[in-house]
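Here's the letter readout for the chains.
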Amino acid sequence: MTEACHSQWQYNFAFLDENTKRMLRRALLKAVAIPGYQVPFGSREMPLPYGWGTGGIQLTASIIGQDDVLKVIDQGADDTTNAVNIRRFFARVTGVATTSSTAAASLIQSRHRIPETPLRSGQIMVFQVPEPEALRTLEASEVETRKLHAHQEYGLMHVKLYEDIARFGHIATSYDYPVMVNQRYLSSPSPIPKFDNPKLHMSPALLLFGAGREKRLYAIPPHTRVESLAFDDHPFSVQRWEQACALCGSHDSYLDEIITDDAGARMFVCSDTDYCQQQQEGKA
Amino acid sequence: MYVAVKGGETAIARSWDLLAAARRGDSALAELSLGQIRQQLRLAVARVMQEGSLYDEELAALALKQAAGDTVEAVFLLRAFRTTLPRFASSKPLDTAAMRVRRRVSGTFKDVPGGQILGPTADYTQRLLDFSLGHSSEVPPCTLADSGVPQPLPSVLEVLAAEGLIEAEQPLPGDPEPADLTRQPLMFPADRATRLQNLARADEGWLLGLAYSTQRGYAESHPFAGEIRMGEVSVSVCPEELGFDIDIGEITLTECQMINQFAGSKTAPPQFTRGYGLSFGEAERKAMAMALVDRSLRAEELGEAAHAPAQQQEFVLYHSDNVEASGFVQHLKLPHYVDFQAELSLIRTLRAQANSSAPQEAAHD
Numbered sequence: 008m009t010e011a012c013h014s015q016w017q018y019n020f021a022f023l024d025e026n027t028k029r030m031l032r033r034a035l036l037k038a039v040a041i042p043g044y045q046v047p048f049g050s051r052e053m054p055l056p057y058g059w060g061t062g063g064i065q066l067t068a069s070i071i072g073q074d075d076v077l078k079v080i081d082q083g084a085d086d087t088t089n090a091v092n093i094r095r096f097f098a099r100v101t102g103v104a105t106t107s108s109t110a111a112a113s114l115i116q117s118r119h120r121i122p123e124t125p126l127r128s129g130q131i132m133v134f135q136v137p138e139p140e141a142l143r144t145l146e147a148s149e150v151e152t153r154k155l156h157a158h159q160e161y162g163l164m165h166v167k168l169y170e171d172i173a174r175f176g177h178i179a180t181s182y183d184y185p186v187m188v189n190q191r192y193l194s195s196p197s198p199i200p201k202f203d204n205p206k207l208h209m210s211p212a213l214l215l216f217g218a219g220r221e222k223r224l225y226a227i228p229p230h231t232r233v234e235s236l237a238f239d240d241h242p243f244s245v246q247r248w249e250q251a252c253a254l255c256g257s258h259d260s261y262l263d264e265i266i267t268d269d270a271g272a273r274m275f276v277c278s279d280t281d282y283c284q285q286q287q288e289g290k291a
Numbered sequence: 094m095y096v097a098v099k100g101g102e103t104a105i106a107r108s109w110d111l112l113a114a115a116r117r118g119d120s121a122l123a124e125l126s127l128g129q130i131r132q133q134l135r136l137a138v139a140r141v142m143q144e145g146s147l148y149d150e151e152l153a154a155l156a157l158k159q160a161a162g163d164t165v166e167a168v169f170l171l172r173a174f175r176t177t178l179p180r181f182a183s184s185k186p187l188d189t190a191a192m193r194v195r196r197r198v199s200g201t202f203k204d205v206p207g208g209q210i211l212g213p214t215a216d217y218t219q220r221l222l223d224f225s226l227g228h229s230s231e232v233p234p235c236t237l238a239d240s241g242v243p244q245p246l247p248s249v250l251e252v253l254a255a256e257g258l259i260e261a262e263q264p265l266p267g268d269p270e271p272a273d274l275t276r277q278p279l280m281f282p283a284d285r286a287t288r289l290q291n292l293a294r295a296d297e298g299w300l301l302g303l304a305y306s307t308q309r310g311y312a313e314s315h316p317f318a319g320e321i322r323m324g325e326v327s328v329s330v331c332p333e334e335l336g337f338d339i340d341i342g343e344i345t346l347t348e349c350q351m352i353n354q355f356a357g358s359k360t361a362p363p364q365f366t367r368g369y370g371l372s373f374g375e376a377e378r379k380a381m382a383m384a385l386v387d388r389s390l391r392a393e394e395l396g397e398a399a400h401a402p403a404q405q406q407e408f409v410l411y412h413s414d415n416v417e418a419s420g421f422v423q424h425l426k427l428p429h430y431v432d433f434q435a436e437l438s439l440i441r442t443l444r445a446q447a448n449s450s451a452p453q454e455a456a457h458d
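Chain order of the listed sequences is D and S. Okay, so the first sequence: first residue is 8 according to our numbering, each after it adds one. Okay, so the second sequence: first residue is 94 according to our numbering, each after it adds one.
Quick caveat, the hints were computed from the structure, so don't treat them as lab data. Even for Gly, the Cβ is constructed at its ideal location relative to N, Cα and C. Watch out, some of these pointers could steer you wrong.
Interface residues of chain D toward chain S, partial, derived using beta-carbon atoms under 7 Å [claimed, not checked]:
1. Pro47
2. Pro54
3. Thr87
4. Ser278
Please build the complete structure, drawing on both the sequences and the hints.
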């Protein structure tokens, strides 16, 4: 194990000791067995701050192996500072290969996005989750929300969505849009834009969610039904842009708005930098 | 044009260099040694050990040095290191009654068996800046008392306990093994042992504010400082293969036993109740605040109304950890382009609707 460690201190492969990894894997097995259910786990302090991906980092650390190829993205981009830092952390404590290519990765840790390139069977996607409890903004107490899940009592959320419609004419939630997993547990998809929600449904890849600070993890196993909450007369819809990506010309990707001068001129470009690159190369 | 998110790797490496240079400061001045930090900033070291949940002065001093004196950052460094340490054993319960006391005061009795022992405290100084510390200064010689502190020093609260005036301090039926918050998630309702664990590593500022709130009408518990003691306590373990206790060293602790009024309930006559605080090192402010918050969190158990923030377990315990709080508050620095873009689109839609003469709301009702 220690041969793979690249630091002066004798950190174990992937930082965590083997007993902690085993604890995490057991919790993950439970999570896979009960899709969407939040499994409490003994979250550890990691060398990155809480709220900066410690849940995702712990999950990745517990499942990463010597042969894995790791991709880390934040806001869809491989080059954002925190993604760089997390990727460096794993390169340092595991020595595994890293990539920015979605297709080449066996393990993808992400904050706030699902890549545009469709995931395939055998890939594992790890989401960093700030607030695993989809009901938290509606009910502050954990004791109460656990009861609501136990009774599958999700009226609070339906009322909230209905009130949105009554007030605005449509559901005014644009990211972290609540989903029903396997027709049982109301879950947070993490703060991905609702644009990405359809990618959760029947995904061929294993989707794991880690919330380090809140000490919860959950999973959406491959080929699981995931429905974004909606009403018959107000079906779920995703964001659309009038523009195409200014760099690659894609009409199908999630676009970030970039302000380009003091006068407020702006351009729209893919948030998924790897996808944008592929599209540009494909056209060249 | 599209450069905002490129170049992350290089920029990060440069920020590390800047941080190291800023930490060192002017290289014409002597560098701080860990020994100097341990010896001369002992209370900062103690606080890092308390909230870092790791009793190691050398590592705490290193963390303080690396964090350039930022206590919460030093706590974070120590906690992250602690994650990698294996568990060899659990200690036997510490016997604070057998403490080698260096300070012990009581606010409830003018004199107590063993006497009031002031020890090394700033309590009776005038807080005038001592300009002589601005340069090297000689320390006046310490005159020790003719008679040493009696060992063991009896606990003040025993006097009240003997008369039955204060609740007995009993372990739960069967004396169950306490939960370990560093290995298991905090779950609710949390029993008292679990709550005390959380409070022991809680941010001192958080505890101080909550404790203060209980004195200003939010969960008044009429406290008296029954006893505060500070000194050294032996730590022993009983390895299974040996079958007898071995002493593995001693640690400095501050313990506070708070005495609180209790009006009585249907089942219990009026009597004094307890709030308990314990912390690594010399840390009276922390131990006293912890004792007040411990007592306020017992409201439900004692059949008191629990309306104040300091009485609500989830509120107090979920927000007490400064490593968690610091990380999450500061995570707002991270990019949120994607979510913000989603909100931007939404707010534009909502504004367009609000500005149009015929809002589409109600159309669907």
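Going through the hints against the structure:
Below 7 Å, beta-carbon pairs count as interface contacts, and proline 47(D) has one with chain S at about 4 Å; its hint therefore holds. Contact between proline 54(D) and chain S, as hinted, is supported at the beta carbon level, the nearest pair being about 4 Å apart and thus within 7 Å. With a least beta-carbon distance of about 5 Å to chain S, the hint placing threonine 87(D) at the interface is held under the 7 Å criterion. Checking serine 278(D) against chain S by beta carbon gives a least distance of about 5 Å; that is within 7 Å, so the hint holds.
Going down the numbered hints, you'll see the structure goes against none, and every one checks out.
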